[in-house]
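2 protein chains.
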Amino acid sequence: MGIAEKAKKAKSASILLSAVKTDTKNTALAKIAEALKSKSAELIAANQKDLRLAEKSKLASPLLKRLKFDEGKIADVCAGIETLIKLDDPVGKTLSATELDEGLNLYKVSCPIGVIGVVFESRPDALVQISTLCLKSGNAVLLKGGSEAANTNKILAKVIAEATCQRSAGSGQRSEGIPDGWIQLLETRQDVAEMLKMDEDIDLVIPRGSNEFVRYIMNHTNIPVLGHAEGICHVYVDGAADIDMAVKIAVDSKCQYVAVCNATETLLVDSKIAKEFLPKVKAAFDAKNVELRGCKKTRSIIKVKPATEKDWSTEYLDYILSLKVVDGIDEAIEHINHYGSHHTDAIVTQDKATAEKFLDLVDSAGVFWNCSTRFADGYRYGLGAEVGISTTKIHSRGPVGLEGLLIYKWKLLGSGQIVADYAEGKKKFTHKKLI
Amino acid sequence: MGIAEKAKKAKSASILLSAVKTDTKNTALAKIAEALKSKSAELIAANQKDLRLAEKSKLASPLLKRLKFDEGKIADVCAGIETLIKLDDPVGKTLSATELDEGLNLYKVSCPIGVIGVVFESRPDALVQISTLCLKSGNAVLLKGGSEAANTNKILAKVIAEATCQRSAGSGQRSEGIPDGWIQLLETRQDVAEMLKMDEDIDLVIPRGSNEFVRYIMNHTNIPVLGHAEGICHVYVDGAADIDMAVKIAVDSKCQYVAVCNATETLLVDSKIAKEFLPKVKAAFDAKNVELRGCKKTRSIIKVKPATEKDWSTEYLDYILSLKVVDGIDEAIEHINHYGSHHTDAIVTQDKATAEKFLDLVDSAGVFWNCSTRFADGYRYGLGAEVGISTTKIHSRGPVGLEGLLIYKWKLLGSGQIVADYAEGKKKFTHKKLI
Numbered sequence: 000m001g002i003a004e005k006a007k008k009a010k011s012a013s014i015l016l017s018a019v020k021t022d023t024k025n026t027a028l029a030k031i032a033e034a035l036k037s038k039s040a041e042l043i044a045a046n047q048k049d050l051r052l053a054e055k056s057k058l059a060s061p062l063l064k065r066l067k068f069d070e071g072k073i074a075d076v077c078a079g080i081e082t083l084i085k086l087d088d089p090v091g092k093t094l095s096a097t098e099l100d101e102g103l104n105l106y107k108v109s110c111p112i113g114v115i116g117v118v119f120e121s122r123p124d125a126l127v128q129i130s131t132l133c134l135k136s137g138n139a140v141l142l143k144g145g146s147e148a149a150n151t152n153k154i155l156a157k158v159i160a161e162a163t164c165q166r167s168a169g170s171g172q173r174s175e176g177i178p179d180g181w182i183q184l185l186e187t188r189q190d191v192a193e194m195l196k197m198d199e200d201i202d203l204v205i206p207r208g209s210n211e212f213v214r215y216i217m218n219h220t221n222i223p224v225l226g227h228a229e230g231i232c233h234v235y236v237d238g239a240a241d242i243d244m245a246v247k248i249a250v251d252s253k254c255q256y257v258a259v260c261n262a263t264e265t266l267l268v269d270s271k272i273a274k275e276f277l278p279k280v281k282a283a284f285d286a287k288n289v290e291l292r293g294c295k296k297t298r299s300i301i302k303v304k305p306a307t308e309k310d311w312s313t314e315y316l317d318y319i320l321s322l323k324v325v326d327g328i329d330e331a332i333e334h335i336n337h338y339g340s341h342h343t344d345a346i347v348t349q350d351k352a353t354a355e356k357f358l359d360l361v362d363s364a365g366v367f368w369n370c371s372t373r374f375a376d377g378y379r380y381g382l383g384a385e386v387g388i389s390t391t392k393i394h395s396r397g398p399v400g401l402e403g404l405l406i407y408k409w410k411l412l413g414s415g416q417i418v419a420d421y422a423e424g425k426k427k428f429t430h431k432k433l434i
Numbered sequence: 000m001g002i003a004e005k006a007k008k009a010k011s012a013s014i015l016l017s018a019v020k021t022d023t024k025n026t027a028l029a030k031i032a033e034a035l036k037s038k039s040a041e042l043i044a045a046n047q048k049d050l051r052l053a054e055k056s057k058l059a060s061p062l063l064k065r066l067k068f069d070e071g072k073i074a075d076v077c078a079g080i081e082t083l084i085k086l087d088d089p090v091g092k093t094l095s096a097t098e099l100d101e102g103l104n105l106y107k108v109s110c111p112i113g114v115i116g117v118v119f120e121s122r123p124d125a126l127v128q129i130s131t132l133c134l135k136s137g138n139a140v141l142l143k144g145g146s147e148a149a150n151t152n153k154i155l156a157k158v159i160a161e162a163t164c165q166r167s168a169g170s171g172q173r174s175e176g177i178p179d180g181w182i183q184l185l186e187t188r189q190d191v192a193e194m195l196k197m198d199e200d201i202d203l204v205i206p207r208g209s210n211e212f213v214r215y216i217m218n219h220t221n222i223p224v225l226g227h228a229e230g231i232c233h234v235y236v237d238g239a240a241d242i243d244m245a246v247k248i249a250v251d252s253k254c255q256y257v258a259v260c261n262a263t264e265t266l267l268v269d270s271k272i273a274k275e276f277l278p279k280v281k282a283a284f285d286a287k288n289v290e291l292r293g294c295k296k297t298r299s300i301i302k303v304k305p306a307t308e309k310d311w312s313t314e315y316l317d318y319i320l321s322l323k324v325v326d327g328i329d330e331a332i333e334h335i336n337h338y339g340s341h342h343t344d345a346i347v348t349q350d351k352a353t354a355e356k357f358l359d360l361v362d363s364a365g366v367f368w369n370c371s372t373r374f375a376d377g378y379r380y381g382l383g384a385e386v387g388i389s390t391t392k393i394h395s396r397g398p399v400g401l402e403g404l405l406i407y408k409w410k411l412l413g414s415g416q417i418v419a420d421y422a423e424g425k426k427k428f429t430h431k432k433l434i
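Heads up: the protein sequence lines correspond to chains Z and X, in order.
Taken in order, the first sequence gives residues 0 to 434; the numbers are from numbering that gives the first Met the number 0.
Taken in order, the second sequence gives residues 0 to 434; the numbers are from numbering that gives the first Met the number 0.
Hint data in this document are derived by calculation from the structure and do not stem from the laboratory.
The C-beta atom is built at its ideal place from N, Cα and C for all residues, glycine as well.
Nothing false has been slipped in among the hints.
The following residues of chain X were derived to be distant from chain Z, with all beta-carbon distances above 12 Å:
no.: 1; residue: 0
no.: 2; residue: 3
no.: 3; residue: 4
no.: 4; residue: 52
no.: 5; residue: 120
no.: 6; residue: 192
BS3-like, lysine-lysine: derived pairs with alpha carbons at most 27 Å apart:
no.: 7; chain 1: X; residue 1: 309; chain 2: Z; residue 2: 10
no.: 8; chain 1: Z; residue 1: 72; chain 2: X; residue 2: 426
no.: 9; chain 1: Z; residue 1: 356; chain 2: Z; residue 2: 296
no.: 10; chain 1: X; residue 1: 92; chain 2: Z; residue 2: 432
no.: 11; chain 1: Z; residue 1: 107; chain 2: X; residue 2: 92
no.: 12; chain 1: Z; residue 1: 279; chain 2: Z; residue 2: 296
no.: 13; chain 1: X; residue 1: 64; chain 2: Z; residue 2: 427
no.: 14; chain 1: X; residue 1: 432; chain 2: Z; residue 2: 107
no.: 15; chain 1: X; residue 1: 72; chain 2: Z; residue 2: 426
no.: 16; chain 1: X; residue 1: 196; chain 2: Z; residue 2: 309
no.: 17; chain 1: X; residue 1: 426; chain 2: Z; residue 2: 279
no.: 18; chain 1: X; residue 1: 64; chain 2: Z; residue 2: 426
no.: 19; chain 1: Z; residue 1: 304; chain 2: Z; residue 2: 274
no.: 20; chain 1: X; residue 1: 309; chain 2: Z; residue 2: 8
no.: 21; chain 1: Z; residue 1: 432; chain 2: X; residue 2: 85
no.: 22; chain 1: X; residue 1: 7; chain 2: Z; residue 2: 356
no.: 23; chain 1: Z; residue 1: 20; chain 2: X; residue 2: 356
no.: 24; chain 1: Z; residue 1: 92; chain 2: X; residue 2: 431
no.: 25; chain 1: X; residue 1: 432; chain 2: Z; residue 2: 85
no.: 26; chain 1: Z; residue 1: 247; chain 2: X; residue 2: 425
no.: 27; chain 1: Z; residue 1: 92; chain 2: X; residue 2: 432
no.: 28; chain 1: X; residue 1: 85; chain 2: Z; residue 2: 427
no.: 29; chain 1: Z; residue 1: 38; chain 2: Z; residue 2: 153
no.: 30; chain 1: Z; residue 1: 281; chain 2: Z; residue 2: 296
no.: 31; chain 1: Z; residue 1: 247; chain 2: X; residue 2: 107
no.: 32; chain 1: X; residue 1: 356; chain 2: Z; residue 2: 7
no.: 33; chain 1: Z; residue 1: 72; chain 2: X; residue 2: 427
no.: 34; chain 1: Z; residue 1: 427; chain 2: X; residue 2: 287
no.: 35; chain 1: X; residue 1: 107; chain 2: Z; residue 2: 92
no.: 36; chain 1: Z; residue 1: 55; chain 2: Z; residue 2: 72
no.: 37; chain 1: X; residue 1: 10; chain 2: Z; residue 2: 356
no.: 38; chain 1: X; residue 1: 92; chain 2: Z; residue 2: 92
Pulled out of the complex, with its shape left as it was, chain Z reads as follows (with noise of 0.2 Å):
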């Protein structure tokens, strides 16, 4: 099937399971958990063919370990599902009514996108988990994986496919009521280029991986795109912070987990702090083999490797930090706004004030006070399961968790009424709010 026919089809199908009941949905939400569990062999024997191929080209052992989909994983995923069904049905919640005349209300009603696109990176995991997201939330979905997983995705995607559109024996009928054709799996490049293309079939494509790959989508397609390419991350170390506090959370910001868009790439000190926090900070950096790039003040009080102005705008992803001193908080929301990526940002203060200030002003989708900027993820956040984390500022912005894969549709339900009727002053509205 072409990519075109996929997105058709897809396209179908997301019309009908906007409309599906919640009921239903949770019940093909349990039968993939089950095809998942009894069909294990199957799915684990799909991805050692994908980790012998991988180790055969030499594949970096952490990405190894991101391909790896074993019992462990299966029972993970599974869990993962059992919350989803739990989780509030988000569409047809009315999110407000107004009376605009007598017997003419207007609904303002939760319902799905429509037909999202993913593209994400090579844990197969995250194949169940969007896919699921996706059907909780009554959209289609078009996934591309990472081409280290495409066995294993392979298999997966014709599980979930047939978990939810079983027929059953004799009718005919889909005994699920999912209608066929709401998942959909791309297999190459070429065919994320042919859906960028896709506009009128396609509502939202949501792309995960590396930065120069986002980047690439956002510049390729007219389709709304949600995601982020870069995530440079501040801490910035107030004048009036603890010390200790701003030791402790500058070296989980940067350390924590490294690869990682909320990591921390650059870490900003008040002139005024700065003779006292510096040699603390280096400290526990050397302790944990972090290498320091300071700008010029920097260096007049620790002995590290100069920063250039390139530092200021570079994802590490990396064990190292640039360092530099900021008079005051003015600089410190300059600079951030400036350099950074609108990702998420921390100011450790004891000043209200201060603080205040700063989460007002930084432009970022995480605004954080005496906290780890490491904290900006949909799992920690409350969120459930996330499918990307935004930096743009329309829709969804930060971690992305079911309501970001929802719209709404105004409903407007009346009894005969004309616009004609109003305009030539017959008839008023009232706007009365209901809800």
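Please arrange chain X on chain Z, whose structure you already have, making use of the hints.
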């Protein structure tokens, strides 16, 4: 000033504007209304100049009417500003709050989007409405109006900028606390083309105007676009319709104002009711001099011109209507989802189950039951003024009022928490919903 510089100025202003207090914004809005009144002579003189040029270039008379900016229009926009002042400030609302752990609270807080680029048609009053909506919602704005209104817009933008950025005598401080540069006027189409490249500094583009122009904008920028190219709206007259009501709604949907996006272009008629309904509706449309174009089945019942395939996807914006006989609700839904523009579509029926199916499965921003498509409008919805109507599926759908100019940021307030403690199992998330 070049466009890049204007965009950068607007970006800087938007950061400060996002934190400006409600009272300050309302005072500034009042000052704008005051200035528009006190400078009315100057404004009207500039508008006279535009009108004379437009007459010379033989602008059509409805366009001349839209271009006119006189005492009456000034009073109207000032009344609009008074209403806007009374509206709640949408910025800084806590949308949700969650305790992640003791002393670690997450708040989802509404905030302005940032810098909005708006391209609008010839009405100078639109400039006032859009810029004041942006000010109230804390957004900076780049405005490009119709070239016919160039002289009027120039003075208008100047009056508004000066009213909000006056300096107090002697102090050198801005008396209103509104950051300089929050409103920028673009003057040429070339300016717009430049603006579309500024994806670093402009967060959202809202184009209004002709289909071709909106489509051009959608195809030439990486900035998110909120708007609609076409409005191909439908009325479906179901077999269970009240025929008199259906005639009334069809006529209003088509004729109440033909030149607008929410006017109906195609009437779908259930075959069960076609023989009875079509002659009646034809008589009503004949009385209004509407040209009817029908499918084969339609023409077997009433004498009208033939409709071609192209008619189903044509936005006439004129006294022309296409007619199609369909076999019930399913064919109607399919036709609308296939040929429509996802703007606004109505069903006329006395059958609740059929209506609900229509409202659920028609994939449009507005789905109406027993009322005219012409109700799709921010004012009629009770949203206050609108900046446009969106047929996209993300962020804002249908009429976009103040709310569509907002997004949120996540504020996380801690007391030294680091992620390592949770990753290592020393601490556990509570995820207690506070709001």
